[in-house]
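Q: Below, each chain spelled out in residue letters.
Protein chains: 2
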Amino acid sequence: MKQKKTLSIVGLGLIGGCYAKTLRDEFDVIYGIDVDEKALSYAESEGIIDRGFADPKLPLSESDLIVICLYPNLVEKFIGENRDDFKTNAVITDAAGVKGDLLDRVMKKLPLDIDFIGAHPMAGREVQGVWNSSEKIFHGANFIITPHPLNHAENLDLVEKLAYKMGFKRVSRITPEKHDEIISFTSQLTHAIAVALVNSDEKDFDTNVFVGDSYRDLTRIAMINEDLWDKLFMGNKENLIKKIERFEESLDIIKNSLKEGDSESLKEEFRKSTMRRKEIS
Amino acid sequence: MKQKKTLSIVGLGLIGGCYAKTLRDEFDVIYGIDVDEKALSYAESEGIIDRGFADPKLPLSESDLIVICLYPNLVEKFIGENRDDFKTNAVITDAAGVKGDLLDRVMKKLPLDIDFIGAHPMAGREVQGVWNSSEKIFHGANFIITPHPLNHAENLDLVEKLAYKMGFKRVSRITPEKHDEIISFTSQLTHAIAVALVNSDEKDFDTNVFVGDSYRDLTRIAMINEDLWDKLFMGNKENLIKKIERFEESLDIIKNSLKEGDSESLKEEFRKSTMRRKEIS
Chain A
1 MKQKKTLSIV
11 GLGLIGGCYA
21 KTLRDEFDVI
31 YGIDVDEKAL
41 SYAESEGIID
51 RGFADPKLPL
61 SESDLIVICL
71 YPNLVEKFIG
81 ENRDDFKTNA
91 VITDAAGVKG
101 DLLDRVMKKL
111 PLDIDFIGAH
121 PMAGREVQGV
131 WNSSEKIFHG
141 ANFIITPHPL
151 NHAENLDLVE
161 KLAYKMGFKR
171 VSRITPEKHD
181 EIISFTSQLT
191 HAIAVALVNS
201 DEKDFDTNVF
211 VGDSYRDLTR
221 IAMINEDLWD
231 KLFMGNKENL
241 IKKIERFEES
251 LDIIKNSLKE
261 GDSESLKEEF
271 RKSTMRRKEI
281 S
Chain B
1 MKQKKTLSIV
11 GLGLIGGCYA
21 KTLRDEFDVI
31 YGIDVDEKAL
41 SYAESEGIID
51 RGFADPKLPL
61 SESDLIVICL
71 YPNLVEKFIG
81 ENRDDFKTNA
91 VITDAAGVKG
101 DLLDRVMKKL
111 PLDIDFIGAH
121 PMAGREVQGV
131 WNSSEKIFHG
141 ANFIITPHPL
151 NHAENLDLVE
161 KLAYKMGFKR
171 VSRITPEKHD
181 EIISFTSQLT
191 HAIAVALVNS
201 DEKDFDTNVF
211 VGDSYRDLTR
221 IAMINEDLWD
231 KLFMGNKENL
241 IKKIERFEES
251 LDIIKNSLKE
261 GDSESLKEEF
271 RKSTMRRKEI
281 S
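Keeping their order, the protein sequence lines are chains A and B. Reminder that position 198 of the first sequence reads as 198 in UniProt numbering, one-by-one numbering, no gaps. Reminder that position 241 of the second sequence reads as 241 in UniProt numbering, one-by-one numbering, no gaps.
It should be emphasised that the hints constitute simulated quantities derived from the structure, not laboratory data. Fair warning: there could be bad hints in the mix.
Copies of the same chain look alike in the list, so a pair counts if it works inside one copy or between any two.
Computed cross-link-like contacts, DSS-like style, restricted to lysine-lysine with a CA-CA straight-line distance of at most 25 Å [to be verified]: (1) K87 <-> K5; (2) K165 <-> K87; (3) K169 <-> K203; (4) K5 <-> K161; (5) K255 <-> K203; (6) K255 <-> K136; (7) K161 <-> K87; (8) K231 <-> K4; (9) K267 <-> K77; (10) K165 <-> K5; (11) K242 <-> K231; (12) K136 <-> K278; (13) K242 <-> K255; (14) K136 <-> K178; (15) K109 <-> K169; (16) K108 <-> K87; (17) K272 <-> K4; (18) K203 <-> K178; (19) K108 <-> K165; (20) K267 <-> K108; (21) K203 <-> K278; (22) K259 <-> K4; (23) K272 <-> K259; (24) K255 <-> K5.
Working from the sequences, and respecting the hints, build out all of it.
A: Spelled out as structure tokens, the structure:
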């Protein structure tokens, strides 16, 4: 008889709910751990999890895989507080959008048989809560694994295999340092731009009446979870400051073309962006 | 017996095709005028227009309404070259995304019985050509009319009525000057940002593997028709330069919050953008 496999999701919000829904067929039992009783009872009643817990002790002691979907600064705290309760040979993974030296610090704290695989599902929505979770959110998205020298190869492979099961299209492996540098461009910079664009509105007219899809698309992510994104920005600020400055240089090329009435230089920028954007799917 | 009504679309590209498709039931005859024979024969064979013309003389002489969907700088040229061929009491309208003093100049050139109603359908796609036109593009979008003191009230009402028939959700009327100021923020600035973002990519990794929906959404419009957008940017450059500078100030608030590790100021920006973005539908 096949051994029963148990999964615990720590932090049953939007992303935690997506993990539970997309891993339903891969595990015999799925537990949810959260301080929010309403999230747990909703998830239980909808069959998203089998049972919810406010106290992590019991579910952690039975879980083969633990997915931590907490704010970046709480991942290390959770592991530290519960380090003695993990099952032998448990694999822990996370979903934090910034890694810093989290892996170094966590791997040092853990018993040798417990592995922590850093991961970042590149998916989200401008809404929150397990109520809004859906298999669609992960479907076709990118998934990043940030291996650490102490990770066991089979556990890296397990998380990669599960990512494909969850519907991700591409799984790549890079160092935590490189992850943070890249993500500061593709994710944090885009959010900084959207927020700045909305906030630069002089509000001397009813914006809503004069927008097209371009404004809608560029500003959708300006509806932002302030506590989460404060952690993501501050946890990656050196990289993000550099990317903002480089973006501003790029915008200044356009501004200067305008000031000088230099259509050739402007069109060169348009040709470059068109060619580059065609490569993104 | 009801008088037969004839419409001419000048410039049968993406937007011209959308006008023809959404006004199909409002006119007895729809003509297309374009230098591109392929666009005309495609539109004829698909029933988007009844007949296509390379020479505008005949269709203009029969048309009650003429919609000019040419690049902004070509609208005045077209009207000037064909001013003697318009039917008595014809109404002309356009779709240019920047107005400048176009209305002033054109109204002076036209016979008193011919009216030119400046208009801007706030809709588009990153693809071109009548092949890609669709009723969906106009559906639910904003439509702007820029009245001129010499316009006849019933012609302004006609264009407004037709805009709702075409599927637009909101029709507003503002001066050409105010139009250009507002549009430099909601449309041209967003395109400048998208182009600058894609062009600031340092390309030291495969961007495609590390992007999420935020990067995809913010950069979709970076695939840009370089000739059209050169005209739109240059035709509105004073406004656009101001909006770029104001946006950069707004982005610098975020950058400085990061440099100073000031989470409170950062979260204040997030709260502001969240509240404002919720008002946009």
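Q: Each hint needs a verdict: does it hold in this structure or not?
A: Hint by hint, here is what the structure shows:
no.	hint	verdict
1	K87 <-> K5	within (12 Å within a copy, 79 Å between copies)
2	K165 <-> K87	within (24 Å within a copy, 65 Å between copies)
3	K169 <-> K203	between (41 Å within a copy, 21 Å between copies)
4	K5 <-> K161	within (15 Å within a copy, 64 Å between copies)
5	K255 <-> K203	both (22 Å within a copy, 23 Å between copies)
6	K255 <-> K136	neither (39 Å within a copy, 34 Å between copies)
7	K161 <-> K87	within (21 Å within a copy, 69 Å between copies)
8	K231 <-> K4	neither (37 Å within a copy, 65 Å between copies)
9	K267 <-> K77	between (51 Å within a copy, 23 Å between copies)
10	K165 <-> K5	within (16 Å within a copy, 59 Å between copies)
11	K242 <-> K231	within (18 Å within a copy, 32 Å between copies)
12	K136 <-> K278	both (24 Å within a copy, 23 Å between copies)
13	K242 <-> K255	both (20 Å within a copy, 9 Å between copies)
14	K136 <-> K178	neither (28 Å within a copy, 42 Å between copies)
15	K109 <-> K169	neither (33 Å within a copy, 58 Å between copies)
16	K108 <-> K87	within (17 Å within a copy, 84 Å between copies)
17	K272 <-> K4	neither (54 Å within a copy, 48 Å between copies)
18	K203 <-> K178	between (39 Å within a copy, 13 Å between copies)
19	K108 <-> K165	neither (30 Å within a copy, 67 Å between copies)
20	K267 <-> K108	neither (53 Å within a copy, 33 Å between copies)
21	K203 <-> K278	between (34 Å within a copy, 14 Å between copies)
22	K259 <-> K4	neither (68 Å within a copy, 50 Å between copies)
23	K272 <-> K259	within (20 Å within a copy, 31 Å between copies)
24	K255 <-> K5	neither (58 Å within a copy, 46 Å between copies)
When the structure is compared with the earlier hints, violations turn up for hints 6, 8, 14, 15, 17, 19, 20, 22, 24 and for no others.
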